[in-house]
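Residue numbers (my numbering), protein chains in the order written: chain A, 129 to 471; chain B, 734 to 1104.
No wet-lab data here; the hints were simulated from the structure. Warning: the hint list may mix true and false statements.
[Said to hold, decoys possible] Which stretches of chain B does chain A cover? Using the computed rule of at least three CB atoms under 8 Å from a CB of chain A, they are: (1) 746–755; (2) 781–791.
[To be verified] Heads up, simulated DSSO-like pairs for lysine-lysine below, C-alpha to C-alpha not over 30 Å straight-line: (3) K840/B x K317/A; (4) K270/A x K132/A; (5) K438/A x K296/A; (6) K317/A x K735/B; (7) K1066/B x K840/B; (8) K270/A x K317/A; (9) K264/A x K132/A; (10) K840/B x K270/A; (11) K317/A x K264/A.
All values reported here derive from a predicted model rather than from experimental measurement. The beta carbon of each residue, even a glycine, is placed where N, CA and C say it ideally should be.
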Amino acid sequence: MSRKLDIRNGRVDLSHGSGGRAMAQLITELFHTAFDNDWLRAGNDQSAFDAPSGRMVMTTDSYVVSPLFFPGGDIGALAVNGTVNDLVMAGARPLYLSAGFIVEEGLPLADLDRVARSMGAASRAAKTPIITGDTKVVERGKADGVFITTAGVGVVPPGIEISGDRAKPGDVVLLSGTIGDHGVAVMSKRQGLSFETDIVSDCAALHELVAAMVAAAGGAIHVMRDPTRGGLAATLNEIAGQSRVGVRLAEHAVPVRPQVAAACELLGLDPLFVANEGKLVAIVAPEAADTLLAAMRAHPLGAEAAMIGKIVADDRHFVQMTTAFGGERVIDWLTGEQLPRIC
Amino acid sequence: MKHVDEYRDGDLARGVARRIAAETRPDRAYRFMEFCGGHTHAISRYGIDDLLPENLRMIHGPGCPVCVLPMGRIDDAIALARRPEVTLCTYADLMRVPASGGASLMKARAEGADIRMVYSTLDALEIARNAPQREVVFFAIGFETTTPPTATAIRLAQREGLENFSVFCNHVLTPAAIDAILRSGETVVDGFIGPAHVSTIIGARPYARFAQEFGKPVVIAGFEPLDVAQAILMLLRQANEGRSEVENEYIRAVTQDGNRKAQAEVDEIFELRESFEWRGLGEIPDSALRLRPAYAAFDAERRFAMQPCAARDNPACECGAILRGVKHPRDCKLFGRGCTPQTPMGACMVSSEGSCAAFWSYGRFREKAVS
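So here's chain A without its partners, still in its complex pose (with noise of 0.2 Å):
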């Protein structure tokens, strides 16, 4: 028989993804460990299931967060809550994911089991189970350690219809918590920009938080999307544009957490652009706007939500702010990457 994997001192060489025993032997002992369940250990190129009635929808994303491991969760946690949120923002149910991995040569083992078992751990919490897989091995320097695409397919109960350009003028929007949490926690360990920080990722799967406002007023919900790349202002702007409406936020109702608000303003960074990785905002019909709010706040992912601003009637698709100082300031979509001021 050969020897077990060497998963605390070995590394990632090209042989894990040749196809041979490695490759099998790095499968069965570190992925189907990690994900545990009877899809993947039926040893099948694809995994069969029943399909639900009722509408289906399905979901991708590529996952290449530089460091692996940041406060408040890692890669692994954030491949299975992304997809799983992308789901859920149709006000779905979740059912499978899909993981494909693209490793680079050398990488520890004990990371890759790392990443695994957060994300077997956050696939058995979101109930979504990971049923199909794949794992490529590139030569040093073709990758960033590893890059990890998973897909997911979710069911969306009847009466349920919520899509980026249902937005109303008139309509109410919640927002889940504070925003640039997980921003600021993957910058603070950023090469060159350490900082001391307690702010840590707000990375989590909002399946439970959707279900709750689903059961209390899904009807009601016009449009729902989580705020991570290019944050809340990017969310607000690409709905701005599908609803051909226009957006008006008060600043003094976004929550933003002290210590997020204080490493934004030494490295000139505005929260409003600053990814999450565990909100999310909902456009909803006014008079379940109360409602809804109640029901996101009865849940520990939305204790902090909010009603933030509202809808408005605007051919230019402009979402604008009214600031804490009494001002007007218009909220565009950002030139490229949101980088820090020198002055």
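For this one, chain A is given, so just place chain B on it according to the hints.
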């Protein structure tokens, strides 16, 4: 945030705004220039413009170091970065600045040039220490605020005998630019908001001649929105009373003489250039610094015998007149037609603090609303 929130208080702001409105004379126009990009940023971000009466206009000055760096200097930096032995270290906001022929540091890096974004001159020193076989060049830009850290890096490099570190110096001087604006003869500025951080270094004294010789009020102000609003009120009062003095709103940080230690450090290492080109304003005498001959070994221009590239902005670009406050972004033929934040053609569109970029992002909607 302690020590910050106090200066962003909405109720206090409304109080200041009411006083500004009450004291503005309806029979005249007021045009004040905030020199610094930091003030422009505060005005845009907090919507200070909205709190001002119709006949009081803020003109965004040339105090954004990224905007006023001539395109030829970016071309020079790109040429330097393309040398195989060079690692170029730069502040992040230079990465996207357009150079000749659609090039940029960002694109040069994608094409293989070794360009690193750093947050401090000390990061660049660290890179040089860790890679003795590389020629590490720090792309130094900025006004008087960013010059002392560059000086410190050069002094440390000399003390450590770090032979692979040099600086491509583009540091420029605030008073020289204000002087050039006032001497251009067509300026319409009634007073200046003086820089915040720059003044912590140079002090309040260098602005005295703008008040005395040119009769223009100057109010030095912090970068928080209440600082800006208060400074506008102080300028308004000077204008109404016919005074032209240097007043200091930012007494919590700025003294009459500034930071003598930082000034000495800068003076030890740098000397005046006879002339330097400012994007949008052209050549300005005694407006920039270079390394003294004693520090020639750390001067990238000498070390690599750099030949300056001459690069021209589009002749239709109105940045110069806009920076002097004579024209408005909407007067420029290129504005919004080819020149946008995604495809900037002139200085004022380059950084989000430039007048045109700020007007593009924050101001257009107001124009539309009135037209």
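(request) Hint by hint, work out which the structure violates, then give me just those numbers in ascending order. (result) The structure conflicts with no hint, since it agrees with every one listed earlier.
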